[in-house]
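Starting from the given sequences, assemble the full structure and let the hints guide the process.
Under the numbering used here, the first residue of the sequence shown is numbered 8, with each subsequent residue one higher.
One should not assume that every hint holds.
What the hints assert, rightly or not - Restraint ranges, calculated between C-beta atoms of paired labels, are given here: (1) E53 - Q129: 46 to 52 Å; (2) Q244 - D88: 47 to 53 Å; (3) I415 - N172: 35 to 41 Å.
Unchecked claim - In the DSBU-like style, the derived pairs of lysine-lysine whose C-alpha atoms are separated by at most 35 Å in a straight line are: (4) K232 - K98; (5) K192 - K332; (6) K85 - K67; (7) K266 - K389; (8) K389 - K265; (9) K138 - K107; (10) K332 - K232; (11) K352 - K266; (12) K147 - K192; (13) K85 - K54; (14) K138 - K332; (15) K127 - K54; (16) K138 - K54; (17) K392 - K430; (18) K85 - K147; (19) K175 - K265; (20) K232 - K85; (21) K265 - K392; (22) K104 - K138; (23) K107 - K85; (24) K332 - K266; (25) K67 - K265; (26) K67 - K175; (27) K192 - K85; (28) K98 - K49; (29) K107 - K49; (30) K192 - K175; (31) K125 - K104.
It is worth saying that the hints were derived from the structure and are not from the lab.
No experiment lies behind these values; they were computed from the predicted model shown.
Ideal Cβ positions, reconstructed from N, Cα and C, are used throughout, including at glycine.
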Amino acid sequence: ASKLITFKKPNIDLSENNIHFKNLCYECDQFSRYICAIALYKSDPEKSVSIMESLCRTSKSLHHSFALFVARVEYGEKVGDLSILSLALDKFLISIKETKPEDIGTQWASQILDVMRKLKFQHQADIFWRKLTPEQRNTKEIMLPYCLALLERNEVWAAQQIIDNYRKLNAEIGDDTSLMPLLEKLNKSLPEEPVVTGIFRAMVESQKNSTFQLAQQYGLIVSRKFNEYVEIIGNGQTTEIFLKDVVISIGRELLMRKKNLQLQASGRAKGTITNQITNEDLINDWFTSLFDMRMSEARIGFGDQKRMGRSASGQSIGEIDGVIKHSDNTRIAIFEAFRLFSLEKRTISGHLDKISSYDNEGLSPVFIIVYCDIDDFTQLTKDYKKYVSDISYAGFTDKKKRVETVEITDQLWLGKEVRYRVKDIVFYHLLLNMR
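Given below as C-alpha cells:
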C-alpha cells in the first residue's frame with residue numbers, strides 16, 4: 008500500500024504546456040490513494056480514514072465521501088466509540104444532501120441504514136426508509152438492515168410485511184436462501200405466534216434437509232389452501248381456533264398501542280382533558296393492517312371495505328367492516344367492529360342484526376370486535392354478555408342462546424356463542440378496554 012502512495016511519477020514533460028499530463032498524474036495520484044484506503048480500511052481503519060480525509064479535501068467526490076464514511080465506521084467499531092459512527096453518519100449525510108433519494112446507490116443506502124441501526128437512530132431510519140423508492144426498498148441489501156433494525160426494536164409485524172412483500176416480488180428466485188437468517192430471527196421474535204413458528208416447526212422436522220430443501224418446503228407450505236395450511240402448521244388446531252388465536256393476539260397488541268389511537272378532548276369538568284377513541288375507522292385500519300401483516304404468509308387478509316347487503320330495517324345499504332379472504336378470493340370469515348361508550352343496546356343489536364345481510368354463504372366464524380371507552384369495563388362485559396345471550400339476531404335461529412366466557416382480563420373479554428343459519432355459525436365477541 009505504501010508503494011502505491013509514493014509511486015514514481017512518469018518521466019514526462021510536466022511543463023505548463025502539458026496540462027493534460029498534469030491532469031493525468033493528478034488523477035493517478037488520487038486513484039492510488041483511494042485504492043490504498045480501500046485496501047487498509049479493515050486492517051488499519053485509522054490510516055484509511057487519514058488517507059480519505061486528505062483525499063476528500065481536494066476531490067469533493069461523493070464516492071470518496073462514501074469510502075471515508077465506511078472507514079470511519081470501521082474505525083469507530085474497532086475502538087468501540089459510537090460517537091465516531093454518529094459523526095461519520097452526519098458528515099456523509101451532509102455530503103449527499105443534494106442527492107435525490109432515487110439516485111442513492113444500493114451500497115450507500117444499505118450502509119446508512121445499518122449504521123442507523125447500530126446507533127439506534129429509529130426515527131432517522133424510518134424517515135430515510137420512507138424517502139427511498141419502492142424499487143430501492145425491495146432491494147435485498149437495503150431491506151435487510153432495516154428489517155433487522157425493526158426486529159431489534161420489536162416492530163415485528165412491520166418487518167414481516169416488508170419481508171413478505173420482498174418475497175412476493177422475487178418469487179422467481181427459488182434458490183435464494185440468504186433470507187433464512189433473517190427469517191429465523193423473525194421466528195425467534197414471535198415465540199407465541201402460530202403462523203411463523205408453525206411454518207418453521209414444519210420445515211425443520213428433518214435435520215437432514217439442506218437449506219435449499221427447506222426453502223423449497225417453505226414455499227410449498229405457504230402456497231397451500233388455508234385449511235391445508237392450518238393442518239400443516241396449526242399443531243392440531245381447527246381453522247376456527249387458529250383464526251380466533253390470531254384475532255385475540257392482535258387485540259392484545261392493539262391494547263398496547265391504544266394511547267396512539269386516543270385523541271384528547273375537553274372533559275366535563277372545566278379545564279380538564281380526557282383521552283377518547285373518536286375515530287373508529289382509524290382503529291379498524293390498525294386492526295386490519297396488523298391482521299394482514301401477520302397472516303400474509305397464509306395468504307389471507309381483509310378484503311377492501313365494501314358496501315353490501317341491507318341494514319337491519321331493510322331501508323338502506325349496510326357496511327361491513329371486513330371480510331377475511333384467501334388470495335384466491337375465497338371468503339373465510341366476517342369481521343364487524345363498533346364502539347361502545349355504555350351498554351348501548353340499540354347499537355349492539357343493530358350491528359348484530361346486520362350480519363346476515365352481509366353473508367349469503369353461512370361463513371363461520373364471525374368476529375364481533377367492540378372498542379370500549381367506559382369507566383367500568385368489567386361491569387360492561389357482564390352486562391354485554393347477559394344482553395347478547397338474551398336477544399335474537401336477524402336471520403339466525405337461536406342455538407344455545409348463551410354466551411360463554413373464553414377469556415377475561417381487566418383489558419379484554421372474549422365470549423363465544425353458536426347461532427344457526429343453515430349450519431352452526433360460531434360468533435366470537437371480543438371487547439377491548441380502550442380507556
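We went through each hint and held it up to the structure:
1. E53 - Q129: 46 to 52 Å: Between E53 and Q129, where Cβ atoms are some 30 Å apart, the hint is violated.
2. Q244 - D88: 47 to 53 Å: holds, 50 Å
3. I415 - N172: 35 to 41 Å: Check passed, 37 Å falls within 35 to 41 Å.
4. K232 - K98: violated, 51 Å
5. K192 - K332: holds, 28 Å
6. K85 - K67: The given pair, whose Cα atoms are some 27 Å apart, holds under the 35 Å limit.
7. K266 - K389: holds, 25 Å
8. K389 - K265: holds, 22 Å
9. K138 - K107: Roughly 9 Å between the alpha carbons, so the hint for K138 and K107 holds.
10. K332 - K232: The given pair, whose Cα atoms are some 11 Å apart, holds under the 35 Å limit.
11. K352 - K266: holds, 27 Å
12. K147 - K192: holds, 16 Å
13. K85 - K54: The hint holds at about 13 Å.
14. K138 - K332: Since the Cα atoms of K138 and K332 sit roughly 32 Å apart, the hinted pair holds (cutoff 35 Å).
15. K127 - K54: Cα-Cα ~27 Å, so holds.
16. K138 - K54: holds, 34 Å
17. K392 - K430: holds, 23 Å
18. K85 - K147: Status holds; Cα separation ~26 Å.
19. K175 - K265: holds, 31 Å
20. K232 - K85: Cα-Cα ~50 Å, so violated.
21. K265 - K392: With Cα atoms ~23 Å apart, K265 and K392 stay inside 35 Å; holds.
22. K104 - K138: holds, 13 Å
23. K107 - K85: holds, 32 Å
24. K332 - K266: Since the Cα atoms of K332 and K266 sit roughly 30 Å apart, the hinted pair holds (cutoff 35 Å).
25. K67 - K265: violated, 49 Å
26. K67 - K175: The given pair, whose Cα atoms are some 40 Å apart, is violated under the 35 Å limit.
27. K192 - K85: Roughly 25 Å between the alpha carbons, so the hint for K192 and K85 holds.
28. K98 - K49: With a Cα-Cα distance of about 20 Å, the restraint between K98 and K49 holds, given a limit of 35 Å.
29. K107 - K49: holds, 30 Å
30. K192 - K175: holds, 20 Å
31. K125 - K104: It holds: about 22 Å lies between the C-alpha atoms, which stays within 35 Å.
Hints 1, 4, 20, 25 and 26, counting from the list given before, are not met by this structure.
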